[in-house]
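Trainee: Listed below are the residues making up each chain.
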Amino acid sequence: DAKTTQPPSMDCAEGRAANLPCNHSTISGNEYVYWYRQIHSQGPQYIIHGLKNNETNEMASLIITEDRKSSTLILPHATLRDTAVYYCIVRALRMDSSYKLIFGSGTRLLVRP
Amino acid sequence: KAGVTQTPRYLIKTRGQQVTLSCSPISGHRSVSWYQQTPGQGLQFLFEYFSETQRNKGNFPGRFSGRQFSNSRSEMNVSTLELGDSALYLCASSSYPGSPAGNEQFFGPGTRLTVL
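Line by line, the protein sequences give chains A and B. First residue of the first sequence? That's 6 in this note's numbering, and the numbers climb one at a time after it. First residue of the second sequence? That's 1163 in this note's numbering, and the numbers climb one at a time after it.
Chain B extracted, bound-state conformation:
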């Protein structure tokens, strides 16, 4: 079974631009979450989508947005990029968000965004 894929793997943008990152979850997984990882703040939750609906959102400004398509693929968008948005952006998928038996979340390799 193919893992979580993210494109592109590396991206360089300049301040003020916008960027769209893509995530394809594991086949059959309907929950997709996004995380930002920086050296200073560590791994921080951005938002989670399930069945095309945002179910939860972290503490990030409105410049960060996302969406999920009917095939569970997800995109996240960052508008008006700032230097501090330079980070590794990770996508993760799971089969069902609230399974009482517990289930794991599988992470992709990430997209490394550099803002100049």
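In isolation and in its complexed conformation, chain A is listed as follows:
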């Protein structure tokens, strides 16, 4: 699975959009981009995933560049409860593949009041 690079920390004001970047320049054609977050001392929480099209759900939007070498997770209206470590993970999906996530260091997002 491809390696990802994320800034170690970011902050944003409550109510504003939080844009978290991720570089995955070695991504292969069959690899998906997943985003998880971990609020202190809890298990990671799935946010969103995508292959090449932009995706949106009730939590966030995922923008993947056309060359798929980078992506951005957007939290449209960040709240204090969004303060967490955000992990960008690239994972190949094959019918015979086991489920193994390789977590990097992630981005520690601090939402300021």
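Careful: at least some of the hints might be erroneous.
[Unchecked claim] Straight line, CA to CA, 30 Å or less: simulated DSS-like cross-link-like pairs of lysine-lysine:
| # | chain 1 | residue 1 | chain 2 | residue 2 |
| --- | --- | --- | --- | --- |
| 1 | A | Lys57 | A | Lys74 |
| 2 | A | Lys105 | A | Lys8 |
| 3 | B | Lys1219 | A | Lys57 |
| 4 | B | Lys1175 | A | Lys105 |
| 5 | A | Lys74 | A | Lys8 |
| 6 | A | Lys105 | A | Lys74 |
| 7 | B | Lys1219 | A | Lys8 |
| 8 | A | Lys8 | A | Lys57 |
| 9 | B | Lys1219 | A | Lys105 |
| 10 | B | Lys1175 | B | Lys1219 |
| 11 | A | Lys74 | B | Lys1219 |
| 12 | A | Lys105 | A | Lys57 |
If you're looking for bench data, these hints aren't it; they were derived computationally from the structure.
Use these hints to put chain B onto chain A, whose structure you have.
Mentor: This is chain B only, laid out in the frame that chain A set:
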């Protein structure tokens, strides 16, 4: 639908002892993975089970083992505990490991193991 449950939530053991942690996946999920999280190493994959078979294993010593039962519940065992085994152990489940449309993995709250 109930989430992933892990028991116990907290555990204190001494060096040399062994420990067994339990994980009940979301109903209908057949894939269960285990992860170890420490401040120094972050989140690291231990192993994954699907239909009672270990499909993948991380880079951990043989003291770490696991199994999965026919009802998809899973246990992991750590023998001859060392101080460095103190960590948050997380279990995660998913409905099907290789779904081409992509599927998410749901994590439990973890078991915090302290080795004294």
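Trainee: Against this structure, judge whether each hint is valid.
Mentor: Hints and how they fare:
1. For a cut-off of 30 Å, the pair hint linking Lys57(A) to Lys74(A) stands: about 10 Å separates their Cα positions.
2. Under the criterion of a C-alpha separation no larger than 30 Å, the hint pairing Lys105(A) with Lys8(A) is consistent with the structure, at around 14 Å.
3. Of the pairs offered as hints, the one joining Lys1219(B) and Lys57(A) holds, with about 29 Å between alpha carbons and a cut-off of 30 Å not exceeded.
4. Between Lys1175(B) and Lys105(A) the alpha-carbon distance is near 28 Å, which keeps this suggested pair within the 30 Å criterion.
5. As the CA atoms of Lys74(A) and Lys8(A) are separated by approximately 11 Å, the hinted pair is consistent with the 30 Å bound.
6. Distance check on the hinted pair: Lys105(A) and Lys74(A) sit about 21 Å apart at the alpha-carbon level, within 30 Å; holds.
7. Under the criterion of a C-alpha separation no larger than 30 Å, the hint pairing Lys1219(B) with Lys8(A) is consistent with the structure, at around 19 Å.
8. Restraint check for Lys8(A) and Lys57(A): satisfied, since their Cα atoms lie roughly 17 Å apart, inside the 30 Å limit.
9. At most 30 Å may separate the alpha-carbon atoms for a hinted pair to count; Lys1219(B) and Lys105(A) meet this at roughly 9 Å.
10. For a cut-off of 30 Å, the pair hint linking Lys1175(B) to Lys1219(B) stands: about 25 Å separates their Cα positions.
11. Restraint check for Lys74(A) and Lys1219(B): satisfied, since their Cα atoms lie roughly 28 Å apart, inside the 30 Å limit.
12. Distance hint between Lys105(A) and Lys57(A) is fulfilled; the C-alpha atoms sit about 21 Å from each other, no more than 30 Å.
Going through the hint list in order, the structure satisfies each hint without exception.
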